[in-house]
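Each protein sequence line maps, in turn, to chains A and B. Numbering follows the working numbering, with no gaps: position 307 of the first sequence is 307. Numbering follows the working numbering, with no gaps: position 187 of the second sequence is 187.
You may find that some hints are simply not true.
Copies of the same chain look alike in the list, so a pair counts if it works inside one copy or between any two.
As the list claims (entries may be wrong) - Listed next, the in silico BS3-like pairs over lysine-lysine satisfying Cα-Cα at most 27 angstroms (straight line):
{"hint": "1", "residue 1": "LYS290", "residue 2": "LYS30"}
{"hint": "2", "residue 1": "LYS142", "residue 2": "LYS6"}
{"hint": "3", "residue 1": "LYS91", "residue 2": "LYS188"}
{"hint": "4", "residue 1": "LYS181", "residue 2": "LYS30"}
{"hint": "5", "residue 1": "LYS90", "residue 2": "LYS261"}
{"hint": "6", "residue 1": "LYS305", "residue 2": "LYS40"}
Think of the hints as simulated: they come from the structure by calculation, not from any bench. Fair warning: this is a prediction, and the values are worked out from it, not measured in the lab.
Number of protein chains: 2
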Amino acid sequence: MPELRKDPILKRWVIIATERASRPNDFKQKVQDQPGDVSKCPFCPGNEYMTPPEVLAYRNPGTIANGPGWWIRVINNKFPALKPEGDLDKKGIGIYDFMNGVGYHEVLIEGEDHFATPLTVTKELYMEIIWAYRDRIIELSKDQRIKYVIIFKNHGKDAGASLFHPHSQIIATPIIPSVIKNEIDNAKEYYDLRDRCIFCDIVTQERGHQDRIVFENNSFIAFCPFASAFPFETWIIPKKHYHRFEDIDKNHVVDLAETMKTVLSKIYLLLDNPPYNMMLHTAPPNSNSKEYFHWHIEIIPRLTKVAGFEWGTGTYINPMTPEMAAAELRKQQIQ
Amino acid sequence: MPELRKDPILKRWVIIATERASRPNDFKQKVQDQPGDVSKCPFCPGNEYMTPPEVLAYRNPGTIANGPGWWIRVINNKFPALKPEGDLDKKGIGIYDFMNGVGYHEVLIEGEDHFATPLTVTKELYMEIIWAYRDRIIELSKDQRIKYVIIFKNHGKDAGASLFHPHSQIIATPIIPSVIKNEIDNAKEYYDLRDRCIFCDIVTQERGHQDRIVFENNSFIAFCPFASAFPFETWIIPKKHYHRFEDIDKNHVVDLAETMKTVLSKIYLLLDNPPYNMMLHTAPPNSNSKEYFHWHIEIIPRLTKVAGFEWGTGTYINPMTPEMAAAELRKQQIQ
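Extracted from the complex, chain A is given alone in its bound form (with noise of 0.2 angstroms):
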């Protein structure tokens, strides 16, 4: 029988019908991608003249900005979304709402091995890669007319990536997305009701039955949700309450850095390099959401096809349930 859940945090409902497909082995999508000639890859070390001057960088000292000698390197996009020049220029057309494409795209590489993969790169570099994520949100977060930072992840083609080389993107809009404002809007109206954090109550409830518990260490879950929208996709979440990614201190960026490599590598190989997409959500920079924000990471690898009826509708069909999801990235284990 299929089933309808929904989704506590986007108030929207998903179809769960697993009779459509069940097993791991019908989602196996590998990524296609073939990796290029690293000579002209424009994220490789040597290469840095190919992109735009670097905005960050993580390198040995001595060593020469845009030259080689970094483990971690931030870029603006070379084809960005919007662009940090001029004012934003609010205005009415007729009933419409616009405003100039103000903002910031930058492009985060993640480490020198054009061919890297979550079992090759350590804990250390995902530890760097967290901290880069960070000093972004923060540096981004000053600029007065910014409203949100997002950093997400496109791995894979189908995944919308359209370079080998891992890399993470960052994007900085003048308007708070919807997306994120229905989820503060939605977390707001749950803590007036019940002064509680939504996102502190799925965790509770998570970890009491553990039957969508992917993995778990002293600061953080995994966990495939209630409602997940994708075969698949997984949540990571602090276990204690912090509305902002960028306060993250030492000791949990390094169980943020075991977490994303634990759970990135299962995915990898229970489901042989799926396409994936990657989304931090952390709370606005100027917004008064830190008692019910709850920052956190959504991975959703890309199996299924998003069609007609997702998009007339916003409900999604989901031939596989989390728990078996879950059990079965429980069950994989790491090289």
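Given chain A, put chain B in place with the hints provided.
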């Protein structure tokens, strides 16, 4: 300079960033599907035994149900996302909401021709498709458990179609899906403030300057919305206020058939048979939205990738202005 435009109905911002790509040719992404063997197509005449029994067919007098002689045939989906049997059995599981996946999932076969295109489908056959849409919405709405009926079409594998033979799908849900709920809630808010339908205001503004109009006849306009999330996104909407598609009369069916054939033919020719999704948004069967909801059809060619940024934020990056898309579609002659 990139732009930010707000969709007044869904209240979500869209980024229009034309520097990332700008000519229709940049977007061409022809449907690659192979037509397959018609002798094995379950939707072809003579193969009716391959499908679940029909729930509606427009067929020649004297022909027998589930045999040839039809020109429109509606069947239950062989792999339904929702099923009519059983009770909803709504319940809370801790903080989560759950109900059984009760509903309907049907397939509407749009004529006998396996190879039909918008150029070969006659206006008369489009009229029959429209009448069948109407018949199914009215029929499925009689089930008191049903809160919404959506009709949609996936064309091409990249848009989610699994069979080549032209068909639409009908899903009846026991909940009002979130996108529809948003449209209704926001349209109501607008109406409460201004005592006017937001969709009617859009029709007036679009007809005023014509920049985004693709086609117009006595009863309908087709236009590329101000905050199009996708290149060549096109909406078809009645010029007069009607909240429910299923109240459509004969004259409007004629005009809608002409509009659908014209718009889909223009998209087919300009973009060289792209994959697309088409969604019909009508008012829910039992809603009080008569004054402020306004039915319409949304068509989305699937030419861009939806990736981490879009999933994470609900903000879409569209590399083409709707004004340019509409101008190209207007210019496109139909053979």
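Here is how each hint holds up against the structure:
In this assembly of identical chains, the alpha carbons of LYS290 and LYS30 never lie at most 27 angstroms apart, being 40 angstroms within a copy and 48 angstroms across copies at closest. With identical chains, the CA atoms of LYS142 and LYS6 are at most 27 angstroms apart between copies only, with a shortest distance of 25 angstroms across copies and 37 angstroms within one. Proximity of LYS91 to LYS188 under the C-alpha cut-off of 27 angstroms is restricted to the inter-copy arrangement: shortest distance 23 angstroms between copies versus 29 angstroms within a copy. For a Cα distance limit of 27 angstroms, the shortest separation of LYS181 from LYS30 qualifies neither inside one copy, at 34 angstroms, nor across copies, at 36 angstroms.
Taking the closest pair of Cα atoms, LYS90 and LYS261 never come within 27 angstroms of each other, the shortest separation being 42 angstroms inside a single copy and 38 angstroms across copies. For the identical chains of this complex, LYS305 and LYS40 are inter-copy neighbours only, at 24 angstroms across copies versus 32 angstroms inside a copy, given an alpha-carbon limit of 27 angstroms.
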